[in-house]
Amino acid sequence: MSPGRAPVLLRALARLLPAEFRREFGDEVLAVAARRVATGRKGLGAESLDLMRTVIRERWSAVRTDVLDLTKAGGEPMGTLIRDVRYAVRMLWKTPVVSVIAALSLALGIAATSSMLAMADGFLYSPIPWDEGGEVVNVNMRNPARNIPSGGGLSAATFFELRDSDAFAELALYASAITNLSEEGRDPEQIQRVVSSPGFLDIVRRSPAVGRAFTDEDALDGAEPTAVLMYPFWERRYGADPGVIGRSVEIGGEAHTIIGVMPEDFELIPANVQVLSTSNFEDQRTNHLRQYLVVGRLADGVTLERADAEAASVQQGVAALADAEAYEGWEAQVEWFRDIFPGPTDTRLIQVLMAVALFGLLIACANVANLLLGRAEQRQREVSVRTALGAGRGRIIRQLLTESVVLAGIGGAVGLGLAVMLVDWFAFSMPAELPRALYPQLSPRVLVISCAVTLGAGVLFGLAPALHAVKGDLRNALAGSRGGTAGRSRRRVRNAFVISEFAVALALLTGAGILVEAFQTIAGGDPGFESSGVMTFVVAPTADRHPDGEALQTFRRSALEALEARPEIGRAALMSHLPRSRNGSLTNYTIDGQDPPARATDLQANWVAASPEFVDALAARMTSGRFFGPEDGADTPPVAVVSRAFAERHFPDEDPVGRTLHLSRDQSGAAAGSGRRIVGVIDDVAMDRLEINARPSPTVFVPVAQTPVRTLAFAVTAAGSDEGLPPAIREAVLSVDPTLPVGSLKTLDTHVAEQLAGPRMIGVFVGGIGAIALLLAALGIYGVMAHSVVQRTREIGIRVAMGAERGTVIGMVTRSGFGLVGVGMLAGVPLAWLMYRATQAALGELVGLMSPVGPFLGVTVVLIGVAAVATLVPAVRASTIRPARVLGGE
Amino acid sequence: MTDGLTERARTHLPLTDAVFHLMLSLADGPAHGYGILLEVEERSDGAVRMGTGTLYSAVKRLRDQGLIEDVAAPADPGDSEAGGDPRRRYYGLTALGRAVLREEARRLEALVSFARRKSVLDAGGPG
Chain B
1 MSPGRAPVLL RALARLLPAE FRREFGDEVL AVAARRVATG RKGLGAESLD LMRTVIRERW
61 SAVRTDVLDL TKAGGEPMGT LIRDVRYAVR MLWKTPVVSV IAALSLALGI AATSSMLAMA
121 DGFLYSPIPW DEGGEVVNVN MRNPARNIPS GGGLSAATFF ELRDSDAFAE LALYASAITN
181 LSEEGRDPEQ IQRVVSSPGF LDIVRRSPAV GRAFTDEDAL DGAEPTAVLM YPFWERRYGA
241 DPGVIGRSVE IGGEAHTIIG VMPEDFELIP ANVQVLSTSN FEDQRTNHLR QYLVVGRLAD
301 GVTLERADAE AASVQQGVAA LADAEAYEGW EAQVEWFRDI FPGPTDTRLI QVLMAVALFG
361 LLIACANVAN LLLGRAEQRQ REVSVRTALG AGRGRIIRQL LTESVVLAGI GGAVGLGLAV
421 MLVDWFAFSM PAELPRALYP QLSPRVLVIS CAVTLGAGVL FGLAPALHAV KGDLRNALAG
481 SRGGTAGRSR RRVRNAFVIS EFAVALALLT GAGILVEAFQ TIAGGDPGFE SSGVMTFVVA
541 PTADRHPDGE ALQTFRRSAL EALEARPEIG RAALMSHLPR SRNGSLTNYT IDGQDPPARA
601 TDLQANWVAA SPEFVDALAA RMTSGRFFGP EDGADTPPVA VVSRAFAERH FPDEDPVGRT
661 LHLSRDQSGA AAGSGRRIVG VIDDVAMDRL EINARPSPTV FVPVAQTPVR TLAFAVTAAG
721 SDEGLPPAIR EAVLSVDPTL PVGSLKTLDT HVAEQLAGPR MIGVFVGGIG AIALLLAALG
781 IYGVMAHSVV QRTREIGIRV AMGAERGTVI GMVTRSGFGL VGVGMLAGVP LAWLMYRATQ
841 AALGELVGLM SPVGPFLGVT VVLIGVAAVA TLVPAVRAST IRPARVLGGE
Chain R
1001 MTDGLTERAR THLPLTDAVF HLMLSLADGP AHGYGILLEV EERSDGAVRM GTGTLYSAVK
1061 RLRDQGLIED VAAPADPGDS EAGGDPRRRY YGLTALGRAV LREEARRLEA LVSFARRKSV
1121 LDAGGPG
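Protein chains in written order, with the numbering used here: chain B, 1 to 890; chain R, 1001 to 1127.
Chain R on its own, in the form it takes in the complex (with noise of 0.2 Å):
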């Protein structure tokens, strides 16, 4: 099925290593910047590494195109660390964003199904 809304996720693919972390981190709801670099970091224990600069330059971009948006500061705060805090700016995804993000994550997934079949992942590799 492909709705305009996929169609126009679609012009905005590959989306780079960055962008896809970013996104990914909005997926279970609006954060802040400080809490998406946090998530980012755990997430790849540590092996995705992004300066502050460069996610606010993200987060501008995104922003610009439509794929994430400002929203307000969730009721009840999460963990004390991300904490929720009236005067920071929450970002969440748009519908063209969760869109987008969905769209990247079959594109990739599509990519590693191919290579399964090829038997590329059986071959050694750490474990």
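The shape of chain B in the complex, shown without the other chains (with noise of 0.2 Å):
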């Protein structure tokens, strides 16, 4: 019986078996066991199982010789080593260009893994100092019905009874706010200050290193003050003196003497606090705001689950005993502190960054193994050579995966080096508020793995290479003829390369253009306001010197008059906080003759309190009515101006100017009765610093004059030149009251450019790794055209000789390139789709859904125009091709 008689099954099989023993045995092997079958000794699944165990078998043991070989290959390691790499640097000098291009694709993919490796060490896999072991937990609420999972703050009510249940071991609140130091013989300064309850630094397991930590004494109502200052502080501002330990300084307008300074190493989230005060917090006994962050560790034998579903129940008491509006749809819960930062989106975020860079790595990985593939074919002739010469196939093979291995390592170093770059830009990216024990780091470990993966790339490329070279035939190569099995079976290996990077491409753009158009829009299309030209800065007026509202209006009237009063400022501005905040306030709304909300929080604005000059100093724009003047005061009847959003949202079809509005922020005072009158209607002004619902978010403005803020954003515009403006901006101020610092002084280009630089560099990131990629599969797709039709001079020759027109030798070229593009493309939907998946899911939460449909076809365009430049070059050379010159030649 032959073996073409035998099933389809087994002869399926069979071609799996390696070429060696197929070759050998093959035939054999389906005759036999066609015959066993047919004869009935053997049945078709039990002869299939068994080819298959063989194909498995023979597969492992080929690779296992070939491994045995390379081990074996040369006498003496060290010294074929050093000539192994010696001719590798020699022969890579040879096609200089090809080299280049290679080890620079090599770069920026190693460059990309390697610096996101830094970023995901840095933020995932480094617990912060004090939680090492990862036993600190986090008391927040969360509300589901408003979609926020974790992270709102507790309220004091609420953490001193909890702080009584037997679950916590430990349980500190603290809450961080901007406020003034002050001392007699120098510049007062803004400072962030963080005021906790007794044990908070028990709890975080540290202690100064100079100096005394807090007692329960100094959080007694009515102790003396005490303060302990965080390092960077302490060394820029007191140049790390020892003999700081007992000075008294004004905190706030409140004498504190400094007892402590926190070790180099100690940082809290947020990490820009420049001082630590304690108090016992008794007067808040009875107060619902939530707004305190409180941490403790459980105690022993208690788990999260018991510790959390306690939390949950006392809060249900708390919120029992107190106005149910406060606590209206959240709950507490406990979590690992260290479930917290990083965050989940955060966690996706990095993990589809990573899978960005690790694509780019592979499409760089697949485009330096077709350059070598190339190569190689070019050099077959020496292989073939060496091969007369005596060379075993393991020796060619180790031979040249140290090439690959070489330019591997050419690659990782200058990959290293960019990332270095890349990390130092990440870092500088990071906010202020990001401990820097969280920032990207080349760590060892990242080093090693990077390491590793230069390595692990450079025999991935070389391999291929490697192996199809030793498999030419002798005869063939030394005769310079080519074609034969080697030439078809690479010339399939090379347009598997194309069709893979084609695939790996479409899904990596695809990734890309939603991150990069995803982050587009959080930050922001038009703003709404003009940075250019503005200074700004922010006061906090303490309450001993302005303790009421009438005495902060009376700060604002003046602060204002001295400003305007200086020959180089223009127009001053003044609002609880600038746009593109982090720190936005937040206000719940009624809006009268429309039906209120099932419940009182479901309606929720921006709330920014802002003076008349806000719109001239910002350049935001009016749709109808007017802003506030200098008629609205606190006397004058309540008004309010809501943005395009705000009426768009509840009068789609009229003007909303004259209704009125109650705000759950005007809880006293004529507003709370009355309600405030909409005047006007403002262009949206991005006030948050991203715009995560995909547009600015409905905001209300009311006049800073009906309301007292006690942090005073101001917005200042220069008269002439905008070189005075500092010391003029703080001399005004410090005639105003002159124990107030100014802070945060800088032009909002800088503030806005500081806010979105997260984003930016995710984008600039991703897109950059985006265009890289797509360069590279270019260069591939061109690559393999270019050598196709090197391969069919002689074809194409004949062609044009039998009277092919240039266009059907131009078309046949061209078909054969997006042939393979077309397959590329087909395979690389399901992966685009995945791609689309995992990013979504890491964005989830920031901006909900977007559409791939957009970003595919944009790619899929961008694609298909590269694809067909990368074509048509080759193609149009082919079509010049002269018969004469070409049939003659041979």
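Careful: at least some of the hints might be erroneous.
Here are a few chain R residues that face chain B, going by a calculated C-beta distance under 10 Å [to be verified]:
1) Thr1006
2) Arg1010
3) Leu1038
4) Thr1052
5) Ser1057
6) Arg1089
Partner residues are not named here, just some residues of chain B that face chain R (Cβ under 7 Å, in silico) [said to hold, decoys possible]:
7) Glu47
8) Asp50
9) Thr54
Please keep in mind that the hints were generated in silico from the structure rather than gathered at the bench.
Don't be surprised by glycine CBs; every beta carbon is placed ideally from N, CA and C.
Since each chain comes alone in its own frame, lean on the hints to assemble the complex.
Shown next as structure tokens:
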């Protein structure tokens, strides 16, 4: 019985046998197996199963033989290695363009991968130094109805009840706020201070490096106030002078004694804190504002689940006693601190970025393998000669692998250099609130993994060309003929590379497109204000000098007057917070004449208190009505201006001017009773740091004259040149209150750039990798098409001689190129879909649903365009082939 | 007596069941693949069932180790089913292969005689 009549299943399996085995025994195995099945001596199933086992056994044994060959090749390993490396460098030097392109592709891929590893290492795998055991818990609130899964602050009332529960061994609350520090003989300074309840430093298991920690007595009412400095602040302001211990400074207008300095590596979240102080918060026992951060450690034997259940029930008890509205929809929960930082969104985002980087590296590897495969073909003769001279198969594979590992080494070194710069740039783009422990870092383990990736890449892209180089037929190669099975199989491998490059590029670019689009969306298009030429700063008048609302209003008026009196200053506006701020305020509201929401907390908008100059200083635009004027004061009817998004949400078909709003922020005064009359609609101003809902949030503006605020942000324009602005601003503020420091003095451009640095960085990074991937994929297909034209020169020459038109030749070459691209695109669709799902999961809370269609179509068009160019160039060259020359030449 | 051949043969021990059966079926003279399978099955009364792929894997390995070799088809074909066919490849034991087979048989014999001395085989069994 001939093998041709063997069952198709057996024939298919036999094709999987290693070539050497198949050549020798393939037909026999099929013939014997077919005969046994036909004569009923053995079942088809049993034979197939056995053949499958044989395939695996023989494949494995072939790999083992090759590896053994490699290790055996060469008598003195070191001497051979050095010779190999030397030879490799010489060979790489011989084809400098290919080598440089290959090394550069790898460098880019490795730089992207290493810097993402550094990001992941810093952010995901380095615990905050004081939570290395992962035992610190955070008690916070969630609001399922409003889709806030975690992170809401706890009220002091809940904290006190919870502290008495036996679920926690230790529990402390803290709050951070901007305040001022002043002392004799020095400029006052605006600082960020954390006030915590006693035991806070015990929970984080840290004590001051200099001086002493807080005691319970320090926290008592009426005790002399004390302060502990954070190390960087101590270093900067006091030159690390240990003599500051015992010194008295004014913080928030109250005398504090400095008792200690925290160690250098101690950081809190937020990290930009300068001073710690303590209080027992006893006067807050009945305070139901959800504003405190609470950390602790569980009692022995208490599980997180039990503590969580305990917190929920304690919270319900507190809510039952209190005004129900304060806690409406909010539930207390206990989470491991390590699960909150980094949060799930950060984790998924970094994972997606990691995948993007790895895809980039994969494309680089495929491309380099392709380049080397092309070169291996050109070197077929050399390999054949060396084989003929007695070099073993293993020896030659080893030589070629050395070449690719040397290439990878060069690429890896350049890549790591680039990664150092990228990591610096990432670190620069991190928000100031983030502890340095979470910054991206090229730690030893990142370096080790990067080196392993480099080496792995070298072997990965070196193996295919190396194995193919030794498979060539000796006689054919020496005789200078091409084609044959080895040539065909090489072409298949190169085609496979191009196909997979396009598949991966499609997926990568779709992911990149979605990320870039998402971050462009949340960074906003038109922010609705003009940031250039505007100087901003923040002041926080203290309670001792400006005790009540009236005093604050006086301060506000005098500050604005003092600023505008300066000749350097053009306009000066004042607001509760700057546009694009992290720490905006919110308010709930109802509208007269419209159905109230099911719950008072359902309607929420940004809340901004602003002075009349807001519109002028920031070049904001009114769409109807008016902004505030000097006529809107504390004694005149309460008014409000709403943003266009607000107007569109509630008044789609009418002008809201004249309607009345009730804000939850207006808890006293005239506005609490009568509400506020809407006097104008302002075009959307981007008050949020990021527009996570893909457009500016609805915002309500109220006149700062009708609502005193304690932290004031100023926006000032220059009258002429803006050089003299900073000193003019300082002098103007000091003329109103000589103890009041000016904080965060910077241009609005700088402020906006700082706030958008993170998303911008991600956008540039992802876009950059996408562009590189596109370039590499284009180079890949160009290489393959150009090569195929060279291979087919003779055939094309004959066709032209037989009368083929130029167009026909171009069409022929282009078709085969587009065939590859088409298959690659088809293969890429499911990959792109996976990438889209992963990206969507990462961005879920950020932008909700993003359609993949736009980026996908865009990317497809671009890829096809790139493929067209990369295919057309060789095709046009093919069409200029002159038959006489080609056919005469051989 | 231990000559060099025996010495070398012992480095190949012990053999797997399949390899032992394969080599045993070549003890009487060369056979082709199908013939080997037939003999193994018949000799063991169907107890040893070897897949075709496994057989050729073993053939390749034994040949690489120099225990069997390709031989010319026998001039006088045997029974009809294993019939001589010039297109088929026949395999025969090399001198080393024969020594390996002998040493493996001796090894097994020694094992069995140990067992016999312990009266392991007397205690019942399928008679």
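Here's how the hints hold up against the structure:
Hint status for Thr1006 (chain R) relative to chain B: violated, with the closest Cβ pair at about 27 Å, above 10 Å. Restraint check, Arg1010 (chain R) versus chain B: the minimum CB separation of about 23 Å is more than 10 Å; hint violated. Because the beta carbon of Leu1038 (chain R) sits about 8 Å from the nearest beta carbon in chain B, less than 10 Å, this interface hint is met. Evaluation of the Thr1052 (chain R) hint against chain B yields a held restraint, the C-beta minimum of about 4 Å falling below 10 Å.
The beta carbon of Ser1057 (chain R) comes within 5 Å of a beta carbon in chain B, closer than 10 Å, and the hint placing it at the interface holds. Annotation: interface hint on Arg1089 (chain R) holds; nearest CB of chain B at approximately 7 Å, less than 10 Å. The criterion of a C-beta within 7 Å of any C-beta in chain R is met by Glu47 (chain B), whose closest approach is roughly 6 Å, and the hint holds. For Asp50 (chain B), the suggested interface contact is upheld, since its CB lies about 2 Å from the closest CB of chain R, less than 7 Å.
For Thr54 (chain B), the shortest C-beta to C-beta distance to chain R is roughly 3 Å, which falls under 7 Å, so the interface hint holds.
The earlier numbered hints that this structure contradicts are 1, 2.
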